[in-house]
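Starting from the known structure of chain A, fit chain B onto it as the hints suggest.
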Amino acid sequence: MSTTANKPFQRFGKLSSFPPPDRWDDWEELDSKSWPRQVKKNYRLVPTVCFNCEAACGLLAYIDKETGKIRKLEGHPLHPASRGRNCAKGPATIGQVTNPERVLYPMKRKGPRGSGEWERITWDEALNDLAPRIRKAIQENRKDEVVYHVGRPGEDLFTERVLSAWGVDGHNSHTNVCSSGARTGYMYWMGMDRPAPDYSNARFILMMSAHLESGHYFNPNAQRIMEAKERGAKIAVIDTRLSNTASKADYWMAPWPGTETAMLLAMANHLIQNDLFNFDFVRKWVNWDELLADREYLKSLHDTGFISEMPKGDTFEDFIALMKDMYKAYTPEFAEEETGVKAQMIIDVANEIARAGTAFSSNVWRNASAGHRGGWMIARALFFLNVLMGAVGTPGSMLPNSWVKFVPAPFNEPHQNVKFWNENHFPREFPLANFEMGFLLPHILKHKNKKLDVYFTRVLNPVWTFPDGFSWIEMLQDEEKVGVHAALAPTWNESAQYADYVLPMGLGPERHDLHSYETHAAQWIGFRQPVLRVQKEKDGQRIEFTYEANPGEVWEENEFWIELSWRIDPDGSMGIRQYFESPYRPGEKVTIEEYYRWIFENSVPGLPEAAAKEGLTPMEYMRKYGSFQITDDVYSQHEKPIGEEILKEASVVAPKTEDKGYSEAAATAEEPSTVASSDSEAEPGVWVKTPPPKTNLRPYPGPFKNKNGEVRVGVVVDGKPVQGFPTPSGKLEFFSSTLRDWGWPEYAVPIYPRNKEERAKMPHIITQVHPDHIDWDNQEYILLPTFRLPTLIHSRTNGAKWLYEIAHSNPIWLNPVDARKMGVKTGDLLKISTVSGYFVDKVWVTDGIRTGVIACSHHLGRWRLHEDKGSDRWNSSVVKLEKEGSKWKMKMVHGVQPWKSEDPDSERIWWKDAGVHQNIIHLVQPDPISGMHCWHQKVKAELPGANDQYGDIQVDTEKAHEVYHEWLKLTRPAPKEHGMRRPYWMMRPLKPHPDYYKLDQ
Amino acid sequence: MLKELELVDSNQSSSVKWGKVIDQDKCIGCHACSTACKSENEVPLSVNRTYVKQVEVGIFPEVSRHFQVTRCNQCEDAPCVPVCPVTAMFKRPDGIVDFDRDVCIGCKACMTACPYDAIHISPSSNSAEKCNFCAHRIDQGMEPACVVVCPEEAIIVGNLNDPESEVSQIISRQKVDVRKPEKGTNPKVFYKGANEATLSPTAAQYTGMHMWSEQNEGYPVEEVEASFNSIAAARVAYDVPHKPYWDWRVSLYSWTKSIAAGVFLIYVLLGLFGHELESVWTTTTAVIGGFFLALTGLLLISKLSHPERFYRIFTRPQWKSWLVRGAFIIAGYTLVLVLLFAAGLTSNQALAKALWWPGVVLAILTAIYTAFLFAQSKGRDLWQNPVLPVHLFVQSVMTGAASFIILSWFISLPADALQIVNITLIVSVAAHVALILSEMVIPHMTADAEKAAHNMIKGRFRGYFWTGLIAGGLIPLLLGFASIYGITALLALIGVLAYEHAYVQAGQSVPLS
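Top line first, the protein sequences correspond to chains A and B.
Using the numbering used here, read the first sequence as starting at 17 and increasing by one per residue.
Using the numbering used here, read the second sequence as starting at 551 and increasing by one per residue.
Chain A with its partners taken away, still in its complex shape (with noise of 0.2 Å):
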């Protein structure tokens, strides 16, 4: 019988892509560079996951038993996302292992923040200083004052556990410039905020993403894409800028950045006037008798002149009309005029999508979403073209991601244990932020004259990677207003430099991280190992902290949160301790053994069966395989039944408006309904006084309460009480009651003006690089920075030399029409400003972007302070900062150059170029509702002057700060009425105790 564990991973030619598990204890190899001559090598094969990007692939580790070093990393053949395949970044990895420039002990700043002097410290003594601190400041009731910011978290729940244990509202994010216009976009609808595109059984995609070459889950996605095209299906990409996709897609719609949304309400219109939507699926799903019950409502579209006529009645009918005269202005036409798209190639991609019915997959995660005002609006738009097609959680379609990601539970967990709110990351102007406004931190800082105590920094270089760095430079130079900056990280990094500690975090094969993405159509978990701990362990050592066994003494962030909470907390009294004791062993720490193997055993289903087989414990299994897939039944959650034990319990309400056209077919086909009748007050929905515990701590809407404090588990659709989505309505919402509700009411539902006076009055999700308000004549241009290179990831490749070696230029994409209009060539420098500042960059003239736009990658323009420290030599300039009051001056002193090292590589760099940094000339401009950075820049674009030099960048925070105060005024506070920070429903990263959503607090 052939299990697992002697698989063979057999594909081309009976030759095989893995060493079966069964050898992978002691496997021997061919050495290549003793080839032709046969020298063995042997190996230990462990399996742990990539950090190089979110995907999380699976990786292998082959650890050579001589030397006791990883030899190279291959992928995992039993990671049910990347299946054994990788990018560049996964096998590049073991070059940022051995890389000679990375930080391997923990290290304390000698001289004034930013000095380079560093002196090497024990991991004791850093623990010993922070613990107090963060006590001292709890205890205090400074529970905003300790902050972890965290850019790639790599894990589920850990950390955010770990702060909640510490009952701190200190978790800080990246989203917001990252994902949080489309989360918005995504999460009106459905409430679930991200999207899960089950591409292999797609018949048309439609990408406004680049998931061939990056994105959220760049190799796993691509895959299943490419699967899906050789199957037939087609492919379209909505990106300004030729990104790989783009190129390999059968349609290539290059518009004019941030005017998507009138594109897709085209290609929406297209189907809703030919009746080529899915009628049923839209009557059932959709909360459209919510938007005919409000007349109110749709009495302001009418007077706004979005509908000609009020509806007449409040049937299903009456909403079809509603949509044809509603959207029947966004014309291909139309949207040809504003986008710059051929109306042709609208009607034919929407006639495709209309071919593949619910197997049409879509998706965009950052992209234009990322880009602009009203960038969420952009995802709503395009959701929208599923919703009409009832390609919602049908195979090839796009699935909510909670419907496939498991997040088990560890072995106790603190509840509702924030009582804080955080007003520097849930300002008040931003009720509806879909994460904290982590970017704006320096300017909030500034603005409400707060301060940080302790401040840590995890896989997150905000100096480098968020707009408007000098300002960030600012605040952690200022020891008034950060306490003390720790910054967690596995590779040096320009925010780092500032750092009063730099404390070494493992690369992917050296640290412990359990996780679950929404790769495909599937739940799975994935363990990331230290590696030479696993294999050190085996080998039968001891070992207590995995920095005994990493390289240095580099640690894990897991071990280091028990350790800190630990001494935080020494005697239990402040209630924190109890969270970081061992379920084993009662009174005493626990060990991240413990922690994980506690989760093995119980939380995670089938786990234990699948080890029992191998006759392995849960641990064991996990060690050895490194991931497991728990279900692959994950289609059409919303549709699933509640379940008999819970329908005994629980009050059923059908809706007052079960649809009058349909109710007769419904009750005819359908078997009898169950439902209780209605009465006529209480609102719709599956109720319970206590809902089933959950055994899936994924992020999730909810709860939804109604006015008796039940919680709502479910919704009656056709007679039937099922799932539905976790909305205020359970069904997708069209309509959007909190959008109404919470000051927004005139982008309740997918729209976007139809004309330039519109545009003015609807300034909150039309882009700021508007063409409206780009002056051509000025040598204005829009700038695109909104998009990844395959083989680099922000700041986090740093010391990958293969990778660099690829890629080491971030050149300023420029159409040739602009450049001959210019007089520029490629090579030649181009002087690009925003308000507040300028980089001078050189040019790459490409038809890959479209004229009046220009694209540059963010991934490049690594700089150092210092020669030996700050930043990585393969990949940066050493830079001469200078202020001078709010002025601040860069310029470039050297580029790259080779340096002798314990690797030879080192002498051999042959390029010079580091790129230049263009994010920190960039302004901050907060989306008014979503709260996400709008990316996309206004820029005049000039010759250099005489003195202007490649590299050369200046940038006044003053002019800075007051576009943050312009960007300010287009808030809306949340409505009085509500005496409420934020609806509860919204999800939020350590969801604070409801009596802290109060504005009274």
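A few of these clues could be false.
[Claimed, not checked] Listed next, the stretches of chain B that the computed footprint assigns to chain A, with coverage defined by at least 3 CB atoms under 8 Å from CB atoms of chain A: (1) 581-594; (2) 738-747; (3) 1020-1026.
[To be verified] Okay, the calculated beta carbon distance ranges per label pair: (4) Thr-20(A) - Glu-858(B): 29 to 39 Å; (5) Arg-924(A) - Glu-858(B): 51 to 61 Å; (6) Glu-630(A) - Glu-858(B): 49 to 59 Å.
These are computed hints drawn from the structure, not numbers from a lab.
Values in this document were obtained by computation on a predicted structure and should not be read as measured data.
All C-beta atoms in this analysis are idealised placements derived from N, C-alpha and C, irrespective of residue type, glycine included.
Just chain B, lined up with the frame of chain A:
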């Protein structure tokens, strides 16, 4: 343990012929194969066994970017194998073209022979290395590293002799291309869905930099117009640095060799015309020939990246290589010159005379074998020139005559003998000029040869070329008619060196991949 895994016993079964299909329709240009290869084979920075060339084609908004996984083609008739003097580059029975870095002497002949520029000198081993299909993995029944990593399964490996294999089926049923089929190399790497703009190395324009990286070409690529067969523009968006492998030392060695051979030819010529020269001329011919031959040898050895291994040309010769044949010719000719030296010292005219014909044969071969070596450089179209042996012979006579004229300033030469030398010089210069002019006038057979000729005549190497033609050809010809032979001789020597340098460098100036 390994035995069990040897599912495919490739070395002992001639029924296996490994090949690959690279499916560019599936390839997304992610560079995973590039880094997986660097990792598996510990390939140093600055060189690559495989990379993903990218070319952007079209005019907004009708634009696309094309990818091409570029690497050794595992040619069935691999030009790198017969040219290797020491069998460091070899073809296995299963078709894999493999290499042995411990054997390689670093002569770079394989690199110049490869029409795909797929071989490099590794800075860590100083030996020629390239993709070998991860032979060490194949022999263990494992897929090559690039095949394992590819997210799209776009690199497909299999047995070309097995009609059931995926590669055979794709090759049989779908439209596939190989790179440069006209080279007759019979590649075993097949491309599905590749674009002309990437397949043809000169189709796309180099603009001074790449999309995300510096352009670091040793070729004068920007001076040549791209020849994409479309109205749409084609720009190279990603490429790795390429450079010519034979530098000034090859031009110089060709020149010293020419002199070394030439002096003997003139020496015999005068003898044939009945000029029994004094034995000082016999000695001088041997010394001058020997000196320049020694220089030739030193230059040859100095350009090896493993100079300490040069002797392997003699201890493990691979007879198909013109490098080996040349080495033995030179050795034989050295022997002749040694004997001639002895004959000169001992005034043994009989011995000197006995050396005439074997010496002439070896001197001519010494002068012209480089033409055959160049012809083994399949990628270098300019050098695929059937008149090249003749031209090298002419140059040799020319440099020999020039040397005799200069020597006659120090050692007296009878006037009528000198006259013969003068006439020989003028005739050979005339022939040299005629051959150069024919190179300029007669159209070249291939676009690459045309481009190389362009680079030589009008492009980066025009300075050397025109120095060679005017200073080393036309002016001497005019001076010769005016019977001014001294300057003529000097100019002819300088001219041949300049021309040779232009020819060697321009020959290597066209991108191959």
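Results of checking the hints against the structure:
1. 581-594: This one holds; 11 residues, not fewer than the three required, reach chain A with a Cβ under 8 Å.
2. 738-747: With 0 residues close enough to chain A, the hint is violated.
3. 1020-1026: That given contact is violated, which follows from only 0 residues of the region 1020-1026 of chain B lying within Cβ reach (below 8 Å) of chain A.
4. Thr-20(A) - Glu-858(B): 29 to 39 Å: Given a distance of about 52 Å, which is not inside 29 to 39 Å, the answer is violated.
5. Arg-924(A) - Glu-858(B): 51 to 61 Å: For Arg-924(A) and Glu-858(B) the Cβ distance comes to about 22 Å; the hint is violated.
6. Glu-630(A) - Glu-858(B): 49 to 59 Å: holds (55 Å)
The earlier numbered hints that this structure contradicts are 2, 3, 4 and 5.
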